[in-house]
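Undergrad: The residues making up each chain are set out below.
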Amino acid sequence: MPVLSTTPDTADLSLTIVAELAAPPSRVWHVWVDPRQLERWWGPPTWPATFVQHDVTVGGTSRYYMTGPEGEKAHGWWRFLALDEPNSLEFEDGFGDSPEQPSEGMPTIHGRVELAETPGGGTRMTVRSSFDTAEQMEQLLSMGMDEGMTLAMGQLDEVLHAVV
Amino acid sequence: MVVDQLDRVFAALADGNRRDIVTRVLQQEASVSTLAQNYAMSFAAVQKHVSVLERAGLVRKERRGREQLVRGDVDSVRVAARLLGRYEDLWRARIGRLEDVLAHPLEETHDARPQHHP
Numbered sequence: 001m002p003v004l005s006t007t008p009d010t011a012d013l014s015l016t017i018v019a020e021l022a023a024p025p026s027r028v029w030h031v032w033v034d035p036r037q038l039e040r041w042w043g044p045p046t047w048p049a050t051f052v053q054h055d056v057t058v059g060g061t062s063r064y065y066m067t068g069p070e071g072e073k074a075h076g077w078w079r080f081l082a083l084d085e086p087n088s089l090e091f092e093d094g095f096g097d098s099p100e101q102p103s104e105g106m107p108t109i110h111g112r113v114e115l116a117e118t119p120g121g122g123t124r125m126t127v128r129s130s131f132d133t134a135e136q137m138e139q140l141l142s143m144g145m146d147e148g149m150t151l152a153m154g155q156l157d158e159v160l161h162a163v164v
Numbered sequence: 165m166v167v168d169q170l171d172r173v174f175a176a177l178a179d180g181n182r183r184d185i186v187t188r189v190l191q192q193e194a195s196v197s198t199l200a201q202n203y204a205m206s207f208a209a210v211q212k213h214v215s216v217l218e219r220a221g222l223v224r225k226e227r228r229g230r231e232q233l234v235r236g237d238v239d240s241v242r243v244a245a246r247l248l249g250r251y252e253d254l255w256r257a258r259i260g261r262l263e264d265v266l267a268h269p270l271e272e273t274h275d276a277r278p279q280h281h282p
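In order, the protein sequence lines correspond to chains A and B. So in the numbering used here, spot 16 of the first sequence is number 16, and the numbers just go up one at a time. So in the numbering used here, spot 56 of the second sequence is number 220, and the numbers just go up one at a time.
Hints in this document: simulated from the structure, not taken from any laboratory. One should not assume that every hint holds.
A few chain B residues that don't get close to chain A, going by computed Cβ distances all over 10 angstroms [stated by the list, open to error]: (1) Ala194; (2) Gln201; (3) Ala208; (4) Glu231; (5) Arg256; (6) Arg261.
Not the full set, but computed from the structure, chain A residues with beta-carbon under 7 angstroms of chain B [said to hold, decoys possible]: (7) Val3; (8) Leu4; (9) Ala23; (10) Val31; (11) Gln37; (12) Arg40; (13) Tyr65.
Where a beta carbon is used, it is the ideal one built from N, C-alpha and C, also for glycine.
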């Protein structure tokens, strides 16, 4: 199981997911910064992503679109806030044509990725996504991007155990 | 559940004492005074926590004779959990695909672009 832990934080509306990957950080870094590799995993198979711009510099922007089952397109963008190859990257991830023209009322997610080399030469990748409001999270998830449901997790676990 | 309500749910569950109260009253309804016996804080403080949980829809108060009993609302708790769970699933799926990309480096040519119109 590559995903080691997921930690939702209901206080600051964030989710931290830690995964162990069988490749060194330098290689994992490239699946983030090479748009041809990135688009192979960013969007779900039903909504594949195509990156038309991926300017991996601090302040640089990316533009991409996701193509739905009916051929409909959803446009999105990233803006890089910090880069430390191959250790970490931080970016905003939003919807709309560009960061200058974000879709009104659509969520912007703040993402931080950390890549740490493991003793076996692999990578421990930590991805933290935070939202401004629960409304944003709800919007994002109602866009057909979810791929199933689970109930078991972090802080809510202790509450849910009482329900079962 | 309406969106404002969701924010209240997340705020309510951010506190450890309140999570503990919800856990208890999901298992068994209890009066505020019974609940208060479990904590070092004052009756008034427990009452305040219960009010926050009530506004978030996580618990309901029911009058039984002279007592007001607090009861947990399972559905509200599940909605909040599901929301974060769905985002977790999105990332689990992404990481699964990312591993595939790492496992098949030979396909990393420009031909590997997804075919949008097969």
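Undergrad: Give a verdict on every hint.
TA: Consistency of the hints with the structure:
1. Ala194: 13 angstroms, holds
2. Gln201: 18 angstroms, holds
3. Ala208: Consistent with the label, alanine 208 (chain B) stays out of reach of chain A, its closest Cβ about 23 angstroms off (over 10 angstroms).
4. Glu231: The claim holds: glutamate 231 (chain B) sits with its nearest Cβ about 22 angstroms from chain A, beyond 10 angstroms.
5. Arg256: 6 angstroms, violated
6. Arg261: Since the minimum Cβ distance to chain A is about 4 angstroms, arginine 261 (chain B) lies within 10 angstroms and the statement is violated.
7. Val3: Because about 6 angstroms separates valine 3 (chain A) from the closest Cβ in chain B, which is inside the 7 angstroms limit, the hint holds.
8. Leu4: 10 angstroms, violated
9. Ala23: With a minimum Cβ separation of about 5 angstroms from chain B (threshold 7 angstroms), the hint on alanine 23 (chain A) holds.
10. Val31: 5 angstroms, holds
11. Gln37: 6 angstroms, holds
12. Arg40: 5 angstroms, holds
13. Tyr65: For tyrosine 65 (chain A), the interface hint is violated, since the closest Cβ of chain B sits about 9 angstroms away, which is over 7 angstroms.
Violated hints, in rising order: 5, 6, 8, 13; the structure is consistent with all others.
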